[in-house]
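Student: Protein sequences, first through last, are from chains Z and C.
The letter at position 30 of the first sequence is residue 30 when you use the working numbering, and the numbering goes up by one with no holes.
The letter at position 26 of the second sequence is residue 1026 when you use the working numbering, and the numbering goes up by one with no holes.
Each hint should be verified, as a subset may be incorrect.
Here are the simulated DSS-like cross-link-like pairs (lysine-lysine), alpha carbons at most 25 angstroms apart as the crow flies [stated by the list, open to error]:
1. C/K1075 / C/K1182
2. C/K1111 / Z/K216
3. C/K1084 / Z/K216
4. Z/K213 / C/K1084
5. C/K1068 / Z/K164
6. Z/K213 / C/K1182
To spell it out: a stretch of chain Z is covered by chain C in this simulated footprint if at least three of its residues, at any positions, have a beta carbon under 8 angstroms from a beta carbon of chain C; those stretches are [unchecked claim]:
7. 146-160
8. 164-172
9. 190-196
Just so you know, these hints were derived from the structure itself, not from any lab.
Treat the numbers as computed from the prediction; the structure is a model and nothing was measured.
We treat Cβ as the ideally placed atom computed from N, Cα and C, and that holds for glycine.
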Amino acid sequence: MVLEILELGFMQRALIAGVAVAITASVIGLFLVLRRNSLFGDALSHVAFGGIAVGLVTNMYPLWTGMAFSVLGALGMAKLRQSTKIPADATVAILLAGGLALGLLLSSTSGNLPNIFSYLFGSILVVSAEDTLAILAMAGAILAIVILLYRQLMYVTFDEEQAKVSGLSISKLSYLFAVLASVAVIVSMRLVGILLVSSLIVIPNVTGLLLGKGFKKTALISMGISIFSAVTGIAVSYAANFPPSATIVIVLITVFLATLAAKYSSKKQMAEKLEAAIS
Amino acid sequence: MQVVEIERLSYAYSDSLVLDNVSFSINEGDLLGMIGPNGAGKTTLFSCMLGLLGGYTGTIKIFGQDIKKNAKALKSIGYIPQRKTIERNFPATVEEIVSLGITRGKVTKEKITLALDTVSLLEQKDRRVGELSGGQQQRVLIAKALVNDPKLLILDEPATGIDLETQNKFYALLKKLNQEKKITIIWASHDLDAVNRIASSVACINRSMFFHGMTHEFFENPDLLKAYSESSMQAHMHLHDHDHG
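With the hints as extra help, turn the sequences into a complete structure.
Tutor: Okay, structure coming up:
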């Protein structure tokens, strides 16, 4: 069965793209989750939805128009946060609603609704060789920049004020990170779709935080969980004829719940041992 | 040698003047206790000295360099902010946090080990920083500052909210850093007793400089102490009025 899956061209592309997306989303997601910006990815994916609709209406490559909207949305959100007193969650809500409204409006007027569904719910099994290469290139660029700026990003995530005292340019880093996050969202959309992007960003990292001791170790654990869930989800969806995006998310949640249960039970056992030792 | 020279420094937040014509200097090797009531402008003063706030009038020189013209001198400053709670689930280890302090030269295990050893936290290096007690977290931040080999340490009410025993250990560490490592220290505190015990000089600020001199000159002068407690009481009542206003 496994060999049969691996021999199919569309499955090979799906698995390669899936692994690249899993790595990218989890790496960017760790910083977002720790900065309490878990819904940032959701807002960007909805803005990208508006951009994709513009691409479909104007016959431009939708992923590029989606990326342009997503990057502009991310930069706008970073600017709003730095120069106004609008709360962060309110900027997320504005972008989220605005992007979705624009997308719905354009797609309904153009009669291109069926096409837009593949962006809403993902379509990893029909990803082309060209798409796979584009995903690999974008994922590679994001990963390289994060590795290069790892310490600076960790410092800003830990404490912005202290990072600024140490000479880091917080505004430049914030803008750069906003761009990285928006590209990561575009990359992830092919795997799980606009509506489920935040699951890839949030769930592996929340699970990783339950297990990891150390920033680097947590990032690697989250990446491992993300890759495992993407590969398992794609394989199960092919075998059982399930939608891949939903299957991947269910695998992610299952891993999270299993980890939570294991963690709770080991804590309980330790407390019992401690109690026995005291008495 | 003068480590810090501040001349006619003023700073206002929109329509409210927080620092008014403040001038003072600090010599190499000083351990300066900075006292003043809440809202007196201590944190604003530090923010200006650290380059976090521009828009002030007057001059701030660190190691002889005007920080508006040359910000390089800021790299010689270690800063420990007011105690904040580090989230329990923040995954970085103590070692990883201390390594963030290295902004000059290579990140090496030796530098991190030395800094952690100085603050007696070497055994905790692999623990998540969020799991440590408040006092231990403050020592991690000191190690993060020390790892960059600072010539000047600025601490903004670092021991607030820490139990008495840990506070005393913390003050002993400050004294050790000042006397053994020869680091000049500026330390803001509300703990007059601790300032009296370990500071070599005192600066008392309440929007403008109220007193700057040797520690014994301040604490042996009943008129100064009385004036300080009155101004603290007024500031407290002013804040209280604002809270309920």
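Student: Would you list, in rising numerical order, the hints stated earlier that this structure does not obey?
Tutor: The structure breaks hints 6 and 9; every other hint is satisfied.
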